[in-house]
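> Chain by chain, the residues run as shown.
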Amino acid sequence: MKISLSWLKEFVPYAGTVAELDALLTRAGLEVASAETRGADFPQVVVAQILESNPHPNADRLSVCRVDDGSGTPRQIVCGAKNYQVGDRVPLALPGAVLPGDFRIKVGKLRGVESEGMLCSAKELGLAEDAQGLLILPATSPVGAPISALFPPETILEIEITSNRPDWLSHLGIAREVSANTGLPLAAPEIVSPGTRADAAIARIEDPAGCPFYSVRRIAGVKVGPSPEWLVRRLESLGLRAINNVVDVTNYVMMELGQPLHAFDAANVQGGLVARRARAGEAFLALDGREYALRESDLVIADATRPMALAGVMGGEDSGVTEATVDILLESAYFDAPGVRATARGLEISTDSSYRFERGVNPAGVLPAAARAAQLILELAGGTAEETTVIAGALPPVEWTVPLRYERARRLLGIRLTDADLDAPLTRLGLERLSGHDGASEWRIPAWRGDLTREVDLIEEIIRLVGIESVEGRVAAAPAPASTADAFYDAALDVRHTLAALGFSEARTSTLVAKPAGDDFLALRNPLGEEQSALRPSLLGGLFGAVRRNLNLGAASVRLFEVGRVFANAEEEELFYVAAVVTGHAAARNWRDAERGAVDLHDLCGVVEALVPGAEFARAFDARFGLALEVCIGGFIAGVIGQLAPADARAIDARHPVVAFELRVDALAASTLATHGFVPPAKFPGTTRDIAAVLPRELPWGELRRVLREAEEPLLAGVEPFDIFTDDSGAKLPADRKSLAFSLTFRSPERTLTTEEVNAAADRLKSRLREQLGIEFRE
Amino acid sequence: MEAQIDSLRAEALAEIEGAGDVAAVRVKYLGRAGSITLLSEGMRSVPKEDKARVGKALNALRADVTAALEAREQTIERARDEAALAGIDLTLPGIAPQRGSLHPLTQLLDRAVRIFRRMGFALAEGPDIETEWHCFDALNTPAHHPARNEQDTFYLPDGRLLRTHTSTVQIRTMERHVPPVRIIAPGAAYRRDEVDATHLAQFTQMEGLYVAPDVSLADLKGTLEFFFRELFGAGTNVRFRPHFFPFTEPSFEIDIQTAALGGKWMELAGCGMVDPAVFEAICDRRLDRVYDPEKVSGFAFGFGLDRLAMNLTGIPDIRMLVENDLRFLKQF
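So the protein lines, in turn, are chains Z and B.
Take 1 as the starting number for the first sequence in our numbering and just add one per residue.
Take 1001 as the starting number for the second sequence in our numbering and just add one per residue.
Take these hints with a grain of salt, some might be off.
The following residues of chain B were derived to be distant from chain Z, with all beta-carbon distances above 10 Å [stated by the list, open to error]:
hint	residue
1	LYS1028
2	ALA1060
3	ALA1096
4	LEU1105
5	PRO1127
6	ALA1212
7	LEU1231
8	PRO1242
9	ASN1324
10	ARG1327
The calculated label-pair distances, taken between Cβ atoms and stated as ranges, are [to be verified]:
hint	chain 1	residue 1	chain 2	residue 2	range
11	Z	GLU158	B	PRO1142	24 to 32 Å
12	B	ASP1196	Z	GLU158	47 to 55 Å
13	B	ALA1147	Z	GLY221	28 to 36 Å
14	Z	ALA15	B	GLY1314	36 to 44 Å
15	Z	PRO57	B	GLY1314	36 to 44 Å
16	B	ALA1024	Z	ALA555	54 to 62 Å
17	Z	THR726	B	ALA1024	19 to 27 Å
18	B	PRO1142	Z	GLY430	22 to 30 Å
19	B	PRO1142	Z	ALA440	48 to 56 Å
20	B	GLY1314	Z	ALA440	28 to 36 Å
21	Z	PRO749	B	ARG1099	50 to 58 Å
22	B	ARG1239	Z	TRP230	34 to 42 Å
23	B	PRO1142	Z	ALA149	47 to 55 Å
24	B	ARG1239	Z	ALA440	26 to 34 Å
Worth flagging that the hints you see were computed from the coordinates, not collected in a lab.
Source: prediction; values computed, not measured.
Backbone N, C-alpha and C define an ideal beta-carbon position, used for all residues, glycine too.
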């Protein structure tokens, strides 16, 4: 909301600087978004009249003027502008003047001709962003008068007002706050309200929920015309457009007191005014020139034939006050806040009026505002006001009380203040202490403070005025025991650190994604767009997108991971997963290792083994991958490792295999938290035998491992493949065979094994492999 | 015999001096069939009276050759060790292991978590998909509050919504646990904002709640002043500016002025004393009075991490946080 400083000062004699006022309001909870000073506050710039203008003897572009500065002695000024005529009145900066940008005016010579000052453009006076030529002033401007008389300096504060304080939406409201915070007296305008009468033929309410109270007063014989300059200037300084003296007064009073008003041209009203719901299919031509299709929930002010106004939001195009208007009906009402909000939102109109009604106006201010406006209209437009105001309905209660327990206030605020110290700020805010005993008191709340209904509301007001700086901060509390969320957070952070150490960078992708295939996902009812219309069922989609983006940005290899929530249309609706994706080379290119293989599924198996020692893998089907393995942790299927089908990899612009895994973080957390036993380190050295086998190409390693395991050879302590060789040409090895080298480690916990024992055990295993899988061995 | 000893010594020492394969030379002289071993066998034919003298000379020969072999071995090993280090070009770049990184938001969040944990806060969680009751009603938000509007909040077809703030975790925690509670809850929140340089539809917040008998504004102030000074440094100025939130009263916004954020006042957080209406909503839900606002009081706070991470690192566009450009991520 915009506040004019000069207007504010009419209600409270604040003498501080703008910066001090900014600090005061900020401390009180009003955020000053900006403070802009306008007008021309230059004592040394005056109105001057150009008496003659001659060419400069030494410069084509300059002229030499003689001007009257009101002193009686004409001055000679050199001027570069061309847009004036002799006789024009223009601003003259006298020697000594300081213009914006710390531009000091002195007597000096311009191309050899003396200039006793400078004729100014609007830009040079800071009155416009950009201006060509001199600022030509109205012919009526008094010569010699200070320019500030024509452009009075004005400071406009843009204040952000929280939704709980509609009483701040006026100059009087802000003045009250300044008064409460400074102790300066408040000078509210004096208003005499006329008597009231009910007359259903003139005003009635059909929808008391939407319009609890309505008033209208006829002012006859007004002379509608332009507003006086002070009124125009005041409205324009707040960014409002001046229309005519009647409309301007209603806006002025709204900005002054916070109560929106509306004036109808009585000649356009057929019969009485009624506050009713719009009828189905009813249309309304508003004064913004647009036609609105009304809904039955919208409240209108109508005459016998049609809606005249959208109640509390906007008047009608053809019922407003114009130059032709003679009699007016001045409306002041109390509309239901949610109703006005629904209409304004629904029809997408926001006005100064709807803004105030939506937040709630002061019920005790409805009739005084009308009286204040009538008084001003009579002053500015003449006419005769009806002696009484016609009213309908009833205003909400304007008198209520709230109790305050002093000890409660002190405990909640953590502050040592006396009862009197606690009373003082409330009194300054206009609250009235009705009674007090046993450490408690009862307060009458002023009608404009509808937000004060509970004890805690009063406690808040106390600390707002006392200031939180008088509260001494304290840090003393028993620590809370760690929660499952703590354990979970730590496990997830460990996973993050491990993956970062393994070369993965942490990504964050959007929870909101395009709808996945199928129908088993959670979707939004009101998404911002198709691309963000569902809750992600997996982290992988986002990561694949990130891979693609990085590849397109020129990355040779991409290693990314994410830890985050995924969503399922299932009992366990939200689950934390960790996912990682890799494509490209296993290592960065360097001068020592020229040969670099592309990453494949085995690299990620190794990463998962590093994250979860003891994880087991089993071949599985997963529609997202061309190849997939289930990851089992402690017998529980914790997720999947997979390699994209080549076509899917190409679809994200990858030239190497794209491999990824996705695992439940809770399964990882459980495995880290599980207490596991301990195996003493071997006391005796193990013995290793390297075996070279030749076997059918399609026979998987897992088969060998199975046979070796099933042998239950007591001395066998480990099996590890270390070389696989194939030759498609068949030169070194038949093309349908592969050479597989693996090591067998033998160990006894009791003694060092003899060569004979080891050889015998190795031979036993080899013959099993030979018998069961037909494997041949090279010696 | 003694002449043979002297000539063998001269021969052996000369050979050892230039030997490359010391082991072979050792075998040649000292092995089973070595020259010195064979010569020793001639002791049998040495006259008895000479045996002591010749034996001594033979032992001296053996000792001299052994010492020379060892000296030669050491010389060769030293040369090899020197050569092993000499050929390395120290100006070549290092061989880097694959280096990953934690997201800047994770890093900032963890810094915050560590500070609050030192003050005895535990972590808490709640779902992203929430009921309107947890997100608004229980937090004393008026029935017609604009935040509930479909234009501002994402809804699911069943009427639930994506939480618009992590304050829902306050409610979730009090539903399940009796006081005292002292928790922080980092997490995602959602608002139906069009994405631009300063807005994402999804953002990251940190919520806090402390409820116990006699928690006061002094606790709130002390806790958050400590937190922000730990986060930004001891010289940080913390300002509490009165504000309005439906779920706290009194309510404040917290402004920070610190060199790390360019020395200007910057609005960073909202906080306040838990509104009695929130406690009453919890009491109704729990069907007990352990959160009776006459028995307990509390403070709550919340702040966004995205904007803070941007300000701390000079990130100009919030979308960079979710674009996952490795050239960006690897800088953290």
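> Now tell me, hint by hint, if it's right for this structure.
Structure-based check of all given hints:
Consistency note on LYS1028/B: stated as away from chain Z, and its beta-carbon is indeed over 10 Å from all of that chain's, at 32 Å minimum. Against the 10 Å criterion, ALA1060/B stays outside the reach of chain Z, whose nearest CB is about 42 Å from its own CB. Chain Z draws ALA1096/B into its interface by the beta-carbon criterion, the shortest separation being 6 Å against a cut-off of 10 Å. LEU1105/B, annotated as away from the interface, has a beta carbon of chain Z within 10 Å; the closest lies near 6 Å.
In this structure PRO1127/B is not separated from chain Z by more than 10 Å, as the shortest Cβ-Cβ distance comes to only about 5 Å. With a least CB separation of 7 Å from chain Z, ALA1212/B falls inside the 10 Å interface cut-off, contrary to its annotation. Taking the minimum C-beta to C-beta distance to chain Z, about 15 Å, the non-interface status of LEU1231/B holds against the 10 Å cut. At roughly 3 Å, the least C-beta separation between PRO1242/B and chain Z is not larger than 10 Å, which violates its mark as non-interface.
Listed as a non-interface residue, ASN1324/B fails to keep its Cβ farther than 10 Å from every Cβ of chain Z; the least gap is roughly 4 Å. Listed as outside the interface, ARG1327/B is inconsistent with that label: its C-beta sits roughly 7 Å from the nearest C-beta of chain Z, within the 10 Å cut-off. Judged by the Cβ atoms, the range 24 to 32 Å given for GLU158/Z and PRO1142/B holds: they are separated by roughly 26 Å. The supplied range of 47 to 55 Å is broken by ASP1196/B and GLU158/Z, whose beta-carbon atoms lie about 22 Å from each other.
In this structure, ALA1147/B and GLY221/Z break the distance hint of 28 to 36 Å, their C-beta atoms being roughly 49 Å apart. Against the hinted window of 36 to 44 Å, the Cβ-Cβ separation of ALA15/Z and GLY1314/B comes to about 42 Å, which satisfies the hint. For the hinted restraint 36 to 44 Å between PRO57/Z and GLY1314/B, the CB-CB distance of approximately 57 Å leaves it violated. A hinted range of 54 to 62 Å holds for the C-beta pair ALA1024/B and ALA555/Z, which are about 57 Å apart.
At about 43 Å, the CB distance of THR726/Z to ALA1024/B disagrees with the hint of 19 to 27 Å. About 25 Å separates the C-beta atoms of PRO1142/B and GLY430/Z, a value consistent with the hinted range of 22 to 30 Å. Between PRO1142/B and ALA440/Z the Cβ separation comes to about 29 Å, which falls outside the hinted range of 48 to 56 Å. Between GLY1314/B and ALA440/Z the Cβ separation comes to about 54 Å, which falls outside the hinted range of 28 to 36 Å.
Hint check: PRO749/Z to ARG1099/B, Cβ distance near 41 Å, so the stated range 50 to 58 Å is violated. Hint check: ARG1239/B to TRP230/Z, Cβ distance near 39 Å, so the stated range 34 to 42 Å holds. Take PRO1142/B and ALA149/Z: their Cβ atoms lie about 49 Å apart, and the range 47 to 55 Å holds. In this structure the hint that ARG1239/B and ALA440/Z lie 26 to 34 Å apart at CB holds, the actual value being about 33 Å.
Of the numbered hints stated above, those contradicted by the structure are hints 3, 4, 5, 6, 8, 9, 10, 12, 13, 15, 17, 19, 20, 21, listed in ascending order.
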